[in-house]
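Spelled out from the first residue to the last, the chains are:
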Amino acid sequence: MRPVRFNIHPRKADIHNNIAITEMPEGSQGEGYFATSFEKVIGLARKNSIWPLPFATSCCGIEFMATMGSHYDLARFGSERMGFTPRQCDLLMVMGTISKKMAPILRQVYLQMAEPRWVLSVGACASSGGIFDTYSVLQGIDQVIPVDVYVPGCPPRPEAILDGVLKIQELVHNESLRRRNGEQYKALLGSYGIE
Amino acid sequence: MFTFEAPKETNLKVLQFLFDDNELKFRFLTDLCAVHYPSQQGRELAVVYHLHNLVDNIRIRFKVFTGIEQPDVFTATNLFSSANWMERETYDFFGVNFVGHPNLKRILNVDEMDYFPMRKEFPLEDQSRIDKDDEMFGRGGSIL
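If you're matching them up, the sequences are chains F and P in order. Each residue of the first sequence is one higher than the last, beginning at 12 in the working numbering. Each residue of the second sequence is one higher than the last, beginning at 40 in the working numbering.
Note that these hints are calculated values from the structure, not bench results. All residues carry an ideal CB built from backbone N, CA and C; glycine is no exception. Please note that the accuracy of each hint is not assured.
Per label pair, the in silico range of CB-to-CB distance [said to hold, decoys possible]: (1) 191/F <-> 117/P: 32 to 38 angstroms; (2) 138/P <-> 205/F: 42 to 48 angstroms; (3) 56/F <-> 147/P: 42 to 48 angstroms; (4) 78/P <-> 123/F: 49 to 55 angstroms.
Some but not every residue of chain P turned toward chain F, in silico, with C-beta under 7 angstroms [unchecked claim]: (5) 108; (6) 163; (7) 164.
Please put together the full structure from these sequences, using the hints given.
Below, the structure written as structure tokens:
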């Protein structure tokens, strides 16, 4: 008797004609040409080639490792390559408890990233301090840097982290090209003391 | 474990004696920490030395008490190099002023911190937080 109920009746995987292709953006097309707006094409390209910068400090980082691994495979969503230099990355993934002493370092990493940049806050600790309501722990990274998407959980399952990345992709896809030059965005960064 | 106390002015003499004596040979400082006893007037802070005789594998505990108004205790760094960081930590959390320490500044907490968090008068919770409703935690508010 096999104790495992999996793989007893393996399903034949369709390995042919199984390559995901993104939808074409809206636009007008005719014989030999296709016209659409820059915003849609650039959004599409950015969305499917996000370079994440993992900032993993505790158990959420372990969940993230599972997310990166072959079972959950973040690479399916175009985030194949982790960058370990902030200057080349688009998405800062903060996973784990950030102590007050580490806050300036996190902020510096954020400042070193080039625009456009996004921030994903994974887990209760990064989002709100979590169970560590204590003198040494930063009560949420949104006290020092702006956050785009929060993933709840303690720690969140890899599915939840993937869902957060998909939400980031949605933001990236639909972001106006002018947003980062706008007054509202400047005011947001200004509220964090960032030029 | 054998524990004893001495006046705080004599702490170095006691440590030196325990170190030098040919029979005692307490030449390893396992730990150095502090305890805050707010109810003991005039001797609120205890500095605790854990010593180890490595030859005979015997440990003892040595305490000195000091008032919290002027928490000056002589540094043990000249006798034990390991006391350097442990005294910095004790200063960081309890504010014990180790007289003669070469570099007495915070080691674990942020440099901007303006209090000593392990003293009993400071609550454990982060006081900068404003989103926590006391009612939800059973301390005050309208639900009692």
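When the least beta-carbon distance from residue 164/P to chain F is tested against 7 angstroms, hint result = holds, 5 angstroms
Given the range 32 to 38 angstroms, decide if the beta-carbon distance of residue 191/F to residue 117/P lies inside it.
-> violated, 58 angstroms
Between residue 138/P and residue 205/F, does the C-beta distance stay in 42 to 48 angstroms?
-> holds, 43 angstroms
Does 42 to 48 angstroms hold as the CB distance between residue 56/F and residue 147/P, or does it fail?
-> holds, 45 angstroms
Would you say the C-beta atoms of residue 78/P and residue 123/F sit inside 49 to 55 angstroms of each other?
-> holds, 50 angstroms
Hey, does the residue 108/P contact hint survive, CB to chain F under 7 angstroms?
-> violated, 23 angstroms
Hey, does the residue 163/P contact hint survive, CB to chain F under 7 angstroms?
-> holds, 6 angstroms
The structure shown violates the earlier hints numbered 1, 5.
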